[in-house]
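Dock chain B against chain A, hints included.
There are 2 protein chains.
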Amino acid sequence: MKGAPTPAPPRYPGLYAHGLFFALLGKIDPGLAAAVHAAPRKPFTLAALEPSPPSGRGEVVLRITVLEDGLFAPLLGVLLREGLDGLALGDDLHRLARVVATPQGSPLAGRHTWEELAAAPPTRGLRLRFCTPTVFATSKPGRRARHTPLPDPFLIAKSLLSSWQHHSPLRFPEVEAAALQSVFELDLELTRFANLRFERAQAAKGFFPGFTGAVEVHCHSDSLEVQRALGVLQAYAFYAGVGAKTAYGLGLTTPY
Amino acid sequence: MKGAPTPAPPRYPGLYAHGLFFALLGKIDPGLAAAVHAAPRKPFTLAALEPSPPSGRGEVVLRITVLEDGLFAPLLGVLLREGLDGLALGDDLHRLARVVATPQGSPLAGRHTWEELAAAPPTRGLRLRFCTPTVFATSKPGRRARHTPLPDPFLIAKSLLSSWQHHSPLRFPEVEAAALQSVFELDLELTRFANLRFERAQAAKGFFPGFTGAVEVHCHSDSLEVQRALGVLQAYAFYAGVGAKTAYGLGLTTPY
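If you read the sequences in order, they're chains A and B. According to the numbering used here, the first sequence is numbered sequentially starting from 5. According to the numbering used here, the second sequence is numbered sequentially starting from 5.
Chain A extracted, bound-state conformation (with noise of 0.2 Å):
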């Protein structure tokens, strides 16, 4: 996208990009917003970032993944069509450079349906890079608020687990899952970790604490089932980001 009448970076590009998502399901249908805006986990991952090498024009990427299978096609077409006169992110309007959507473009973009992800290779650890600043929500009892800006692998493969057990069509079998989860608790081990660094970060209506960085995580089960699921969790990562907050820019994560 490149922005138009001014050269400085959006200054909340999380909340902004936010906004601009929703006013455009808006124009897709009303209703859809509601329901997309009151569900309590959201079918996309969202992030606005500097391009890179940056341009110092004002441009910013907007990269936005869509876990919903319905969602992609009328995003892409309002998209396309709005974005001629401009998309707002905050008070300005930025006009559409280019839509991206293959690995040929960007090694941010990318397709595969359920099936594909569900058939990955299995895997006896995690290979991810933290790219967005990430963070997990570990409240605890009595309503403390608390936050966990460290790459704990049981936090990852949890965190990857639970939002594909809600937006896959293939989840696990409930058993299966509450298996996995134990397994990932007991068997995984931080092998690795580079570039670690500390990053607070703007999301919606707060600041958190997050991390970014490479990270490798193995697992000590044998169990192929469990190497499968992995497998599974890593590709659908790329998707579904990791953490809290990945629908207002945190959490953007690749497997390498």
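Some clues are possibly wrong.
[As the list claims (entries may be wrong)] Below, a list of computed lysine to any residue pairs in the SDA-like style, where the Cα atoms sit at most 20 Å apart:
(1) B:K162 x A:H151
(2) B:K144 x A:K46
(3) A:K144 x B:F158
(4) A:K162 x B:K144
(5) B:K144 x A:S225
(6) A:K144 x B:Q185
(7) A:K144 x B:E189
(8) B:K144 x A:R147
(9) B:K162 x A:T142
(10) A:K46 x A:S172
(11) B:K144 x A:R128
(12) A:K144 x B:S186
(13) A:K144 x B:T195
(14) B:K144 x A:S172
[What the hints assert, rightly or not] Computed, partial: chain A to chain B, Cβ under 8 Å:
(15) S186
(16) L190
(17) L200
(18) F202
Hints were generated in silico from the structure; no laboratory data involved. C-beta atoms are modelled at their ideal positions from N, C-alpha and C, and glycine is treated no differently.
Quick look at chain B alone, frame taken from chain A:
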């Protein structure tokens, strides 16, 4: 310490220093050496460090802390006596160049009585720098050996508390210690980290994943008792270190 014959740094500094320490203890009192060796929690910490800046002349800095009052004087005596001829780190003899025991001589040296540590100022959080690779032994049921190479606030505080309870004559009453541990689990939150690096470290017979870096933890509890305990544990961290294998060079920690 100066390594006279060879300028190469010792190959397994933690292991060699550990061996040297017990050789010295044995010269004080073979019975004492055997008793300390058999103790599940060692009343000392030990790290073999590169001089800073590196001398390029095979010099090694041995940083030793003792957590038992009776050990300091005899250990210093035998160090000074044996150091003239040379102290063995692995196969190499190192001549003792100097002993530094005060913060004026080195930021890693100091001396506090248990009473002074217990009177440390209360704090709402911890600010700790992990100077050598630090790791937590987080074994799981079914004899699963697991390690956590991340600055988890609860694991940090639990490690310090259990060491204090074991070594300090001023330990908290058991009920209070249990209450403190519950508060640590509920109310500690990592608020910042910097220079967090993954470092695989050799200690004793194995290699361990570990981290170094600076970490800030906030405690949400308003209890003055909790804040007093945190102050004590933060001051104690300088002597006790944090996590596993502190007698082999891991977990050297300084408050800041």
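Tested hints:
1. B:K162 x A:H151: holds (19 Å)
2. B:K144 x A:K46: violated (34 Å)
3. A:K144 x B:F158: Satisfied, since the Cα-Cα distance of roughly 13 Å is no more than 20 Å.
4. A:K162 x B:K144: With Cα atoms ~17 Å apart, K162 of chain A and K144 of chain B stay inside 20 Å; holds.
5. B:K144 x A:S225: holds (13 Å)
6. A:K144 x B:Q185: Answer holds: K144 of chain A to Q185 of chain B is near 14 Å, not above 20 Å.
7. A:K144 x B:E189: holds (9 Å)
8. B:K144 x A:R147: Measuring from Cα to Cα gives roughly 28 Å; hence the hint is violated.
9. B:K162 x A:T142: holds (18 Å)
10. A:K46 x A:S172: This hinted pair holds, its Cα atoms lying about 13 Å apart.
11. B:K144 x A:R128: Distance of about 19 Å is within 20 Å: holds.
12. A:K144 x B:S186: Holds, because 11 Å separates the two Cα atoms, which is no more than 20 Å.
13. A:K144 x B:T195: holds (16 Å)
14. B:K144 x A:S172: Cα-Cα ~31 Å, so violated.
15. S186: violated (10 Å)
16. L190: holds (5 Å)
17. L200: holds (5 Å)
18. F202: holds (5 Å)
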